[in-house]
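**Q** Single-letter residue listing:
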Amino acid sequence: MNWLLVIAGAVVGAPLRYLTDRAVQARHDSLFPWGTFVVNAAACLALGLLTGALLAGAASSRLGLLFGTGLCGALSTYSTFSYETLRLAERGRKFQAAANVVASVLLGLGSVHLGTHVARALFA
Amino acid sequence: MTRPVPGAEAIDPDVDLHVPEQRTEPQGRVLAAVAAGGAVGASARYGLSLLWPAGHGAFPWATFWTNVAGCALIGVLMVLIGEGGRTAPHPLVRPFAGAGVLGGFTTFSTYAADFSRLLDEGEAPAALGYAVLTVAAALGAVWAAASVTRLALRRRCG
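Going line by line, the protein sequences match chains A and B.
In terms of the numbering used here, the first sequence opens at residue 8 and continues consecutively.
In terms of the numbering used here, the second sequence opens at residue 20 and continues consecutively.
Each hint can be trusted.
Not close to chain A: a few residues of chain B, all C-beta gaps over 10 Å, as computed: (1) Pro45; (2) Leu70; (3) Pro72; (4) Ala73; (5) Thr106; (6) His109; (7) Pro110; (8) Glu142; (9) Ala145; (10) Thr168; (11) Arg174; (12) Cys176.
So, partial list: chain B residues that the calculated Cβ filter (under 8 Å) puts toward chain A: (13) Pro32; (14) Arg64; (15) Ala165.
Hints in this document: simulated from the structure, not taken from any laboratory.
No experiment lies behind these values; they were computed from the predicted model shown.
Backbone N, C-alpha and C define an ideal beta-carbon position, used for all residues, glycine too.
Bound-form chain A, shown alone (with noise of 0.2 Å):
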């Protein structure tokens, strides 16, 4: 049964996290990868939150898997943001790859921290 939630859950994450970069992409005509930067941020947000309501108590540990583990899992990804990196780098882009990873990280971690406290104090 955990498996069917995490599974149901990437079947749906992977795919809207391929639909929302395509649509951030576009909506602009820059190199800076915009689209995974976007999935990412909104996935972290999104954990934060459901993190926050599973610590006050108020979301099951099965909703955790299937929403957390499965679909902000497969929503967010580590290797297309590294990949997209490596590219901006190896394109002679070193102030952008250099800002994708920090804006990525400090955004991501913000997100993180802040959906869980915010969904505690509202959920306590």
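Fit chain B to the given chain A structure using the hints.
**A** Below, chain B without anything else, positioned relative to chain A:
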């Protein structure tokens, strides 16, 4: 001999609209391939997290190695797809293996949540160490794997 392929200049390995061929990808089949790959990748990640659980205040090694391995594999995959062989790979290989399996296997959200958990458990040095070490190892892995794969292809092709 390596062949110049459309998309060799792409930044985004999942989908890059700068590449004309990827603007017109058949959405239904590509989405199904990404979903199927995502299920495989996420299951593997979940399996590793069960085998290697991170207890209270512990360093999340399962997530760490999942992300580092996934980054190394995307480096190998994208060089093979872009520069290896004389015929173009099947159009669903990149969506299935790259966006699907490796995208579903690696996770940015769990990485961030691990950091937040360590911080809340009063393990600030471990949290910061984990955050920095993952970034460094992931970027090192994708660079090293892509470089070694390129070198191997050149040797094989003379």
